Every structure is written in structure tokens, then in C-alpha cells.
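Chains V and A, in that order, give the protein sequences. Read in order, the letters of the first sequence are residues 26 to 336 in our numbering. Read in order, the letters of the second sequence are residues 26 to 336 in our numbering.
Simulated from the structure, these hints should not be mistaken for lab results. Predicted, not measured: the structure shown is a model, and the values here were computed from it. Every residue gets a Cβ at the ideal spot worked out from N, C-alpha and C, and that includes glycine. Hints should not be assumed to be uniformly reliable.
Selected chain V positions facing chain A (in silico; Cβ < 10 Å) [said to hold, decoys possible]:
no. : residue
1   : PHE99
2   : ALA110
3   : ILE151
4   : GLY154
5   : TYR156
6   : TYR169
7   : SER174
8   : PRO198
9   : ALA200
10  : LEU206
11  : GLU207
12  : THR208
13  : PRO264
Sample of chain A residues with no beta-carbon within 10 Å of chain V, all distances over it, derived [stated by the list, open to error]:
no. : residue
14  : ALA87
15  : GLY122
16  : ALA186
17  : ARG226
18  : LEU229
19  : PRO257
20  : TYR299
21  : ASP319
22  : ARG331
23  : SER332
2 protein chains.
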Amino acid sequence: MNHFADRLTAAIRSKGNALCVGLDPRWESLPIALRTKYKDGTLRGAARAFEEFCIRVLDVVAPLVPVVKPQSAFFELCGPAGMDALQAVLRRAREKGLVTILDGKRNDIASTATAYADAAFGGVRIDDGVYPIWDADALTINAYLGRDSVSAFLESARRSARGLFVLVRTSNPGAGQFQDLETDGRPLFMHVAAAVQNWTRENLGQSGFGDVGAVVGATHPCELPQIRKALPEGYILLPGLGAQGGTAADTAAAFREDGLGAIANSARGITFCYPPEEREWEARIETETRKVIDELAAATPMGRLRSHVST
Amino acid sequence: MNHFADRLTAAIRSKGNALCVGLDPRWESLPIALRTKYKDGTLRGAARAFEEFCIRVLDVVAPLVPVVKPQSAFFELCGPAGMDALQAVLRRAREKGLVTILDGKRNDIASTATAYADAAFGGVRIDDGVYPIWDADALTINAYLGRDSVSAFLESARRSARGLFVLVRTSNPGAGQFQDLETDGRPLFMHVAAAVQNWTRENLGQSGFGDVGAVVGATHPCELPQIRKALPEGYILLPGLGAQGGTAADTAAAFREDGLGAIANSARGITFCYPPEEREWEARIETETRKVIDELAAATPMGRLRSHVST
Numbered sequence: 026m027n028h029f030a031d032r033l034t035a036a037i038r039s040k041g042n043a044l045c046v047g048l049d050p051r052w053e054s055l056p057i058a059l060r061t062k063y064k065d066g067t068l069r070g071a072a073r074a075f076e077e078f079c080i081r082v083l084d085v086v087a088p089l090v091p092v093v094k095p096q097s098a099f100f101e102l103c104g105p106a107g108m109d110a111l112q113a114v115l116r117r118a119r120e121k122g123l124v125t126i127l128d129g130k131r132n133d134i135a136s137t138a139t140a141y142a143d144a145a146f147g148g149v150r151i152d153d154g155v156y157p158i159w160d161a162d163a164l165t166i167n168a169y170l171g172r173d174s175v176s177a178f179l180e181s182a183r184r185s186a187r188g189l190f191v192l193v194r195t196s197n198p199g200a201g202q203f204q205d206l207e208t209d210g211r212p213l214f215m216h217v218a219a220a221v222q223n224w225t226r227e228n229l230g231q232s233g234f235g236d237v238g239a240v241v242g243a244t245h246p247c248e249l250p251q252i253r254k255a256l257p258e259g260y261i262l263l264p265g266l267g268a269q270g271g272t273a274a275d276t277a278a279a280f281r282e283d284g285l286g287a288i289a290n291s292a293r294g295i296t297f298c299y300p301p302e303e304r305e306w307e308a309r310i311e312t313e314t315r316k317v318i319d320e321l322a323a324a325t326p327m328g329r330l331r332s333h334v335s336t
Numbered sequence: 026m027n028h029f030a031d032r033l034t035a036a037i038r039s040k041g042n043a044l045c046v047g048l049d050p051r052w053e054s055l056p057i058a059l060r061t062k063y064k065d066g067t068l069r070g071a072a073r074a075f076e077e078f079c080i081r082v083l084d085v086v087a088p089l090v091p092v093v094k095p096q097s098a099f100f101e102l103c104g105p106a107g108m109d110a111l112q113a114v115l116r117r118a119r120e121k122g123l124v125t126i127l128d129g130k131r132n133d134i135a136s137t138a139t140a141y142a143d144a145a146f147g148g149v150r151i152d153d154g155v156y157p158i159w160d161a162d163a164l165t166i167n168a169y170l171g172r173d174s175v176s177a178f179l180e181s182a183r184r185s186a187r188g189l190f191v192l193v194r195t196s197n198p199g200a201g202q203f204q205d206l207e208t209d210g211r212p213l214f215m216h217v218a219a220a221v222q223n224w225t226r227e228n229l230g231q232s233g234f235g236d237v238g239a240v241v242g243a244t245h246p247c248e249l250p251q252i253r254k255a256l257p258e259g260y261i262l263l264p265g266l267g268a269q270g271g272t273a274a275d276t277a278a279a280f281r282e283d284g285l286g287a288i289a290n291s292a293r294g295i296t297f298c299y300p301p302e303e304r305e306w307e308a309r310i311e312t313e314t315r316k317v318i319d320e321l322a323a324a325t326p327m328g329r330l331r332s333h334v335s336t
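Extracted from the complex, chain V is given alone in its bound form:
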């Protein structure tokens, strides 16, 4: 299997853009027609609605974007049935050729970290068999626990050529409480970025990118240039575009001059860009996806990738 960053880079080049569609299903935002179809007073009904909704979103966006990012929390909120839905959604995304980032922000130590990572990537080994669980291309993780915690995730990821995205500077208003604390003249998030650079350089692909990237909120344009500079070989995943207030222009500094090196994520801003009573919601999602791609292409170096693609 090819190196994670090579698969990601190929997918971005093939689609001519680096938009990631976030899959954050919420019952109260789903199209009313879907809620009516599945409402049966059980969590399994809600989970089935999530599954159909996300799969129809995937069918709309798969020809347009290279990457999708299901948010684990919203599936967990439907319990075990929600985890069934998450598996089905990830399976469909793979079948559609999409690169998948499972947004779980997992973190733990030693064999517990390995358990999360094996679930995310290659699967669990039981006696002579190996059983895949989420089988995602990449997982978001939180590095507060330090190097040996991240190493456990990395070892599992590298056994099956998967990737990690480490939280560096998050998109929320209170992110700075700890992430901005300065040591030796550098804020904590830059210490984490430097560690990400060390990890990603351990395993560079033919694309020149490594298999460990950084998560940096699109809501923090001022911090992006220094993070981009500190992490020349790492992909930067930018949540916060759209509903959280990040604009296409805010993401510009995350991209390299050649248009690679960043992935901009929009979730609600695309998947719930219409009122619940909308019947033609798939058409609305398609239009919005194309619009966000155009905005990113106009406002960032990503636009340079488009000339390679027939549109």
C-alpha cells in the first residue's frame, strides 16, 4: 500500500482541490424527510438516518473533493448502532475512492493507544485473524501525553501505511488557555508543531510529505505562517471553515506555494447549508461544495492545482 501522504497528495491532485467535507450528523439538522422516514423512537432509527444521510452526502461530494472527515462523537452519540453507521459510512467513502480522516482526537498511553490506533487503522488481531474496525486512512490525535503516546499511534499507523493529524492549534475561542503558554519564547503549540515535524520526517513519502500532519483551526490565520514554516513536510488540516467563521482567505498561509500541504475542512457549512424542509438538499450540497472549492481556489495557492484537472 502506498505511503499515506502519497495517497493524499494524489487524491488532491486528481480532484484539483484540497477541500475536506466533514461528516458531523446531527438529528435536529437532518432533512425533515429523512427524520420522518427513520423516526421510530430508537437510537437505531436515528443511526440509520445518520447512515443514509452521510452516504448520500458521500455520493454527492465524492466526484468533487479528495477527502472526508467523519466526526466520531456524533456517531458515538447514537451508541453501538451509531458505530455501525460509522463503519458503513467509512466503507462507502473507501469504495468511492475518498481519503478518510477519522476525527476522534484520541489519546492514551502504551497498549491503550495501540488499541485506539489498531481500531482506526489495520484492525484487531485475535489469535490468527485480523479484524478491521474503522479502517480509516488517518486519525486525529491529541499529543498532550507526549512522545511515547504518539509513538504507539505511529507504530500502528505505519504498519498499514496510514496517517496521523496531531492537534496543534485548535479552532475554538479558548484554545489559547494552554496552547499559547510560552516556554523559551515559544508558545506550547509551536513546541507541539516542532515535535510533529520530527515525527513526520521519520517517514517521508515520494511526494516529499510525511505521514504525520497538524490540525490548526482555520480561525487562526495569524498563527498559520509560523506553523507552515515549522512544518515544511507536514500536511496541515484546517477545521473551522464555514460555520465556525473561518474564511477561504484565512487558510491561505497554510498552503505551500505549489498549492499542496493543506486540507481545508467544512462540515455544517456544506452538509447543512439548507433549511431542514429543503427537498433538493443534495443539489444544494453539490452547489455549496463547488462554491467553497471556487472560493479556496481564488483565495489560496490551491488554485494552482486546478489547471491540471479537466472540469
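Starting from the known structure of chain V, fit chain A onto it as the hints suggest.
Relative to chain V, chain A alone:
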């Protein structure tokens, strides 16, 4: 429903000790008889083995200890069937009157944090119904994302009188990479501890303890006195006892003089304290649990709680 810290304190007083048994099921460590019974080449089989194992552990330890802590990662490693097992294990623990801490180390922002917290605590609201998922008494979280992230978890917890344990200083060898970085003469973990103190003081119970505690590895006895001092109203959860190398004496400084204020967790060291071929494994677990309680009582102020209990 009573305040979380009051329920926890009452449970500790009632049992006369503050030992928490960690439920970290691993296929390769399970008693061979259980593996043979459930091995059918599916994850559902493995999940059923986890469920029976954990429930039999609960039946052994429920009369002896106040708290149990299932580790989410090992259940997730069996996929959706594992999450069914986690639900069954948490349900049995509640029925047995145990305080339950779900060890998920969750973290995210805004409504995503709320989704994890609602799953852990009061359940998901769908139209007019509320559906519980894990229904745990407390959840471990990672505070790297800062105050508004933690607030989202807290608001959900307080709606149903549950608690949080925030990672402060973890038990792994590389924990210091970020947690020890100093700002204004204090390491990062002490900044987190100070924040935990602010959060816990927002909502003190009649026991005098708040509903937000700290996770501090039992493997870091040197850091415990300053954390105990910085967090006079917060419970300290100490993983790392036993298999990770922490001793009963290492936990002493986490307890207040009156024997309250800390919970010491041992997982593998108790639940897998025998070779897999052992047939009388429940008796071995009971003996080991009593032994660890005796060690804690001898080596820490926790021993002062025992005189109140008929043994």
C-alpha cells in the same frame, strides 16, 4: 440526584477504601476457558467474552471497592459489538452500586464536546425523547483545547450531576515532553491543575469536594504533593498502580490527611493477576483486590477510613 463528589465520597466511606478497579479487557490475557467458550472467528464473539469477563470481575469486586473504570479503547477495539459490551458492563456496575468512571480521554470543541459528554452522561435528546448511551458517573477528558472545550463537558455533566477527571500529569515515561514545559516558573501540568481547581470550585458538594478532579499517574510521586496542594477540593484519580510500576506508597501524597481525596486505580495488576490457564481466576482476583486494599491502607492515609467499616 446527589452531587457526583458526594456519591463518590459516600461510596469510598462505605467500602472503607479508595481502590478503583480498571476494566481493560484484552483477548490474549483472558482466561483460556473464556476464550474457548466464545471463540467463533467474529468480533461479536470476542466482545461477548469481554462482557462476561468484566461482569464476572464486577461481581467479585463490587462488595470490596467503591469505583470501577472501564477503558473505552479496549471495547472500541471490538467495534460496534464491543460498544454493546461496554454498555452491558456499565449497566451491571450501576446495578451493583459501583461508581463508574468511563476512561475515554475525550476532547473536542463546542457541540462536538457536548456530543461526547451527552453520550457519557445524560444521553442524547432526539425530538421528545432522551436516550442514555454510556450513563457513566464520570468521564476522563483531555484539556489541551482549553476552557470553552472543558465548559461544554462540564455543562453536560452538571445537567445530571456527573463528574469529570481532567488529565493533569499522565503515568507514561514521555509525559513530560509537553506537560513539564515551564511557563512563569510553573510546568504546564500545574497550569492545568490550577484550571481544574477553578472549575471544581464552581460546584462543590456537601462533602466539600467539587465535581472536577485530576488524573495524575501513580508513577509520579514527586509531583503529587504540589498537585494535592493546588487542588484542595478536587479528587485525584491515580492510574498506574500495579502493572505500570506505581506502588501503594507512591500514591500516599495524593490523599488528604483524613484519607479522602484520591482514588488509586489498578487494572491488569488485579484483573489479570494469574496465568490464562488459571481456572479459579475469580478467587485470585478477590485475593489480589483485598491485598491491594491492604497495601493502600498500610501505606497511605486511606487506612484511616477502615475503622468506620465492619470487615
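Checklist entry - Out of the numbered hints, which ones does the structure contradict? => result Hint check: nothing fails, all pass.
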